[in-house]
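The hints should help you fit chain V onto chain G, whose structure is shown.
2 protein chains.
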Amino acid sequence: MTSKPLSTIGFIGTGVMGSSMAGHLLKAGYPLHAYNRTQSKADRLVSQGAIWKDSPANIAKVADIVITIIGFPKDVEAAYLGPDGIIANAKPGGILIDMTTSSPKLALQIAEAASARQLLALDAPVSGGDLGAREARLSIMVGGEEAAFDQVKPIFELMGKNIVYQGPAGSGQHTKMANQIAIASGMLGVCEAVVYAERSGLDATRVLESISSGAAGSWSLSNLAPRIIKGDFEPGFFVKHFIKDMTIALQEADSMGLDFPGLAAAKAAYEKLATEGGEDFGTQGLYKLYQPRD
Amino acid sequence: MTSKPLSTIGFIGTGVMGSSMAGHLLKAGYPLHAYNRTQSKADRLVSQGAIWKDSPANIAKVADIVITIIGFPKDVEAAYLGPDGIIANAKPGGILIDMTTSSPKLALQIAEAASARQLLALDAPVSGGDLGAREARLSIMVGGEEAAFDQVKPIFELMGKNIVYQGPAGSGQHTKMANQIAIASGMLGVCEAVVYAERSGLDATRVLESISSGAAGSWSLSNLAPRIIKGDFEPGFFVKHFIKDMTIALQEADSMGLDFPGLAAAKAAYEKLATEGGEDFGTQGLYKLYQPRD
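Those sequence lines, one after another, are chains G and V.
With our numbering applied, the first sequence corresponds to residues 568 to 861, in that order.
With our numbering applied, the second sequence corresponds to residues 568 to 861, in that order.
Bound conformation, chain G alone (with noise of 0.2 Å):
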């Protein structure tokens, strides 16, 4: 009995996020071809057996399938739908993923592009940061043709536990959006809660004992009130890229014709921090904003 080689992939952004994926596949035994704007980010995937392509299309033409995780947007369009871009230059039969946090609608065309050239897209961001991509524990959200995702799901399996095929092309990053959503609210109130206790005499880290556990908590309060009150706002999540998916997820909810008070004062208050100097802090960062009225 002789098994099936594995599948050759083609990485497109080594990241922090990406490169702990990549690497992953490759201790996998996958053969890996790894690009990045920025090449010395990928030096680490070269020296665990990568090998360098120094362009997208020189990836999309070796690789069987695809997988990119890069910034923006526009990067990603960029990447897969330009003349020298991974759909123009992909081998037949190819299926491409991107795990970017990107826009649905892009998503779609994309999934589009691909169709025409025989190609399968697959849109699968995913959320757990660079703990999670570390120790392969990502959920990710996908959208695409469900054939493309039972093909594929190996490959996630290496890089995440919590795998959820959310339907056709758009879904994966539709999900995403649901996720930033719920967060952006969450975190006025996180920080709201604790400028208030500060203010009001309390003890910070006594009111979290008080209220953590109980019908206020949740993920932020647990993980980032923490690193508020010590002062620490590194970023985990930046808010530069917060604001982004902010951005792309009210543009969805208006082209619905849905109005969201809660996401609209999330980006307000996030976009006044970046432009007080804040778009490198954490999400967390946003406490900073809250200095009382003289």
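These aren't lab readings, by the way, just hints derived from the structure by calculation.
Computed from a predicted structure; not experimentally measured.
There's no promise every hint is true.
Copies of one chain are not kept apart here, so a pair can be met inside one copy or by any two copies together.
[Unchecked claim] List time: in silico DSBU-like cross-link candidates among lysine-lysine, alpha-carbon distance up to 30 Å:
#1 LYS834 with LYS855
#2 LYS855 with LYS797
#3 LYS811 with LYS855
#4 LYS672 with LYS855
#5 LYS811 with LYS834
#6 LYS728 with LYS641
#7 LYS855 with LYS658
Just chain V, lined up with the frame of chain G:
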């Protein structure tokens, strides 16, 4: 060896919360006198051994420890501060415990009036809802003299699990305000996430599978979003009571010179919901406000 006889407790407010809480004290053997504005709501307690009294004054006259858990700050004020109130009629050395969610400023006023009569007052609001009351696992947030807290802690332990002394008079109420502030914006996020998921064509239950256990996770998302999806808007916690709490919290924040855009947006949304007939919904009824624009 003879054991000290148990203190006589006067219990004012035998609604859904109070009757469960007083029931635990009765079961533990405490002599308990009860009063409620609507007498019939005390019938069950009386059948369990409580002695009915027909006014707060007559409760105060016989009780070593008075516990109140009643509706609104104006009710608390009337029960404690009037000429026929608890403080004017309490036994020397009595301990007065208000477990209503009420105003921190009123808690201070009560503590001062109590102190002038050599009485001790604690503000000790709770979270955990009717289920937490029934199962004696409330979170109890306590402000006031620490000596008084130590003295009545065994009584708190019959009603709750997470009992934290938060500081001087008013600190219990301030802690509960921080709790409500965290919930308020969080509810906007939960409702907007569910509405977004549904309107973008996703299966909202499957979306919860992807997002509930990660950074978007919260008590509200795990417990109230599934009720929303099922169309269940029955109160756990009433919209009208939540508006009362948010009103107090926003007044307190304002008096500290703080702008809370999340709390303000949540309060405005809930007030709109109440105007449209939703004041007797549970807080998850906020979902009904999100109708698409024409």
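Each hint, compared with the structure:
no., hint, in the structure
1, LYS834 with LYS855, "both (15 Å within a copy, 23 Å between copies)"
2, LYS855 with LYS797, "within (13 Å within a copy, 39 Å between copies)"
3, LYS811 with LYS855, "both (20 Å within a copy, 28 Å between copies)"
4, LYS672 with LYS855, "between (34 Å within a copy, 27 Å between copies)"
5, LYS811 with LYS834, "both (9 Å within a copy, 27 Å between copies)"
6, LYS728 with LYS641, "within (29 Å within a copy, 52 Å between copies)"
7, LYS855 with LYS658, "neither (49 Å within a copy, 49 Å between copies)"
The structure fails to meet hint 7 from the earlier list, while all remaining hints are met.
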